[in-house]
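Q: Next come the chains, spelled out residue by residue.
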Amino acid sequence: MDTQQEPRKTFVVPIGPQHPALKEPGHFEITVDGEIVTAATVRLGYVHRGIEKGVEQRNWAQAMYMLERICGICSHVHATAYALGVEALAGVQAPPRAQAIRVLVAELERVHSHLLWLGVAAHEGGFDTLFMYSWRDREMIMDVLEGLTGNRVNYSCNVLGGVKFDVDDTQADAIRRAVDFLEPRTHHYLKVVTTDETLIGRTRNVGKMTFLEAETLGTVGPTARASGVPRDIRVDSPYAAYPDFPVKTITATAGDLEAKFVVRIQELFESYRVIREILDKLPAGDLAVRVKPRVPPGETVSRVEAPRGELFYFLKSAGGPNPDRVKVRTPSLCNWGSVLATAPGHKLADVPMLIAGIDPCFSCNDRLVTVRRRSTAETWTWAKLRQYGIEYYR
Amino acid sequence: MNIELPPLVALLLFPGGLFLLSAGTVYEWADRKLVARFQNRIGPRWFQPVADVVKLLAKEEIVPDGVNPVLFHGLPVVALVGTLTAALYVPMAGIAPSYSFTGDLIVTLYLLSLMTLSMGLAGANTLDRFSLIGATRALTQLFSYEAPFLMALLGPAIAAGSWQISQVDAYAQGHWWLVLTQPVGFLVALVGLMGKLELPPFDSPEAETEIVAGPMTEYSGRGWALFRIGRDVELLVGLTLMAAFYLGGLANPIEFMLKTGGLLLVTAALQSLFCRLRIDQTVGMWWRIGILLALAQLFLLVFMR
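Taken in sequence, the protein lines are chains A and B. So for the first sequence, numbering that gives the first Met the number 0 puts the first residue at 0; every next one is plus one. So for the second sequence, numbering that gives the first Met the number 0 puts the first residue at 0; every next one is plus one.
Hints in this document: simulated from the structure, not taken from any laboratory. All C-beta atoms, glycine included, are put in the ideal place defined by N, C-alpha and C. Please note that a few of the clues may not be correct.
[Stated by the list, open to error] Pairwise CB distance ranges (calculated):
1. B:L299 with A:R135: 44 to 50 Å
2. A:A173 with B:V76: 55 to 61 Å
3. A:G90 with B:R36: 55 to 61 Å
Next comes chain A alone, as it looks inside the complex (with noise of 0.2 Å):
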């Protein structure tokens, strides 16, 4: 008998970056035997925009807009920590009804968020009856953002020192409605993803992750809370005007996808109570104080909880007109390790949803990524990138 067992072929499906699964661009390679997973690698940096560079090139006014695009689904978390962080280097604060109008767009943002999440989620497992119907009932955010703000994605809500609008009782009605029409829905969701058995089928069991893993893999935002992590910024270390409006950090145990569906659709019931109790005690007084051109010299960290986790930003002021460095780490960074440790032993088909379970978002992650071949690797100036970028596509 050959006791030598020869190499075994490996056997690697690609995912991305061009992918039906995939929303955005990102590379997966998984190593399958048969159905089993034995390895899985990423891939990021498609889409990498030089935002941060861009930013230095932009005064604090200009550099809020750009940085609010860093993310179609949570632009208005991006801005509000960025607002934060300059207020806490300029010195100033913003008044109550504007920290409060902040949280209540930042909650109703959440709602969207999640909502669309369970979409996805639901599309990848094949069960498009629940994409449909996630989506469909979301319009309502949808609509009462577009009310509110007069867009859908873009909020543009903050300014440096408060907001640009005010609430008045017309849309907090039409707010109340929304979220009195979305939370028998979300019972009815939350009924669905722990009772149809198909669904649990796909998810009880599948990508489990232990407390400890959540916490070595540093993962953050709703990944960590369904393994029992108790990690939310916003009762952590609250901002805003979440001192006045706590919320309570909802944990799961089992560290599946299944705890990842509960643990978001039970934030949603918590992100409605919010959303009522702003509108009911929202603090009367101006929107907004003067944040001067010039920012101090100093540096800061801004956190804030977004949709999916804690959103990082350090700011550094040269005490210019221009931020002197501005640097963002967004959730998605911090959760692809528990995707790729959680893969292996998975069949293929849980790939897709593991890999929607941490609701990634690619292009909002993608930040400077420099490849080294060899000896020729160099340091690009912003004006050559730029000439580089404006010759590529001449």
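Keeping the supplied structure of chain A fixed, place chain B upon it in accordance with the hints.
A: Chain B only, in chain A's frame:
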């Protein structure tokens, strides 16, 4: 209803040929529209399946590197021919089958399997990794539903005492609807038909979020169009067979439309109710539950006679 048709008409116009192609696209449209309405969508317009096929037929067919061109072009034809031929042995549109002989039930079922077999081979023929995985899944699925499906259709045949489709149809017309006396068989056959057609939730061979289009990933123009028409015809033939066996037979075109339409409504509802099953779940379901149910009913029938 019994109509004598000249062979050429039967093959090219009705019930074969043109009628099958057009009726198949109509049933595909009805299926898509129903699923869309169940999912709170608008759904396609009535001519969409025809438009899809016309567009695909007009498209350039790209033959990828590393395939056997004979198989690549031949398999779609085999698949379509298999389903078209199968249609000649069933009481299409409520008219007695054009051709009939003892044991044609078995032949028809095997002709219907040609479709899945061709798809599996077409996927295995290419070097594409999505196609290969899709082909493996398609053939795995074939081996799991085929036996229970066959046994479920044997139920009415045993009750009628004949393996000839026209005689089973005649028996069904003269007795209680067999769905009432053999509900288990009906259920297994209906779910088996959905597995055969790779409809959701049994669409893991072509799960788009995992393996793009499965075995069909490399097919672009004519081949893909032929496979699509083949599947439409298979849907039609499958529904006809089910209605003839379990829903009291097909005596005339009106009964045909009502009964197959009703079945389509049920399959469309089932399609929109569930999450896609993984291939291991599909196989497990068939071999742990489906086959046992079908066997139990078969034994019961044999002993009751």
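Q: Are the hints correct? Go through all of them and say.
A: Hints and how they fare:
The supplied range of 44 to 50 Å is met by B:L299 and A:R135, whose beta-carbon atoms lie about 46 Å from each other. The beta-carbon spacing between A:A173 and B:V76, approximately 59 Å, falls within the hinted interval of 55 to 61 Å. Checking the proposed 55 to 61 Å range against A:G90 and B:R36 shows it holds: the Cβ atoms sit about 59 Å from each other.
Of the numbered hints stated above, none is contradicted by the structure.
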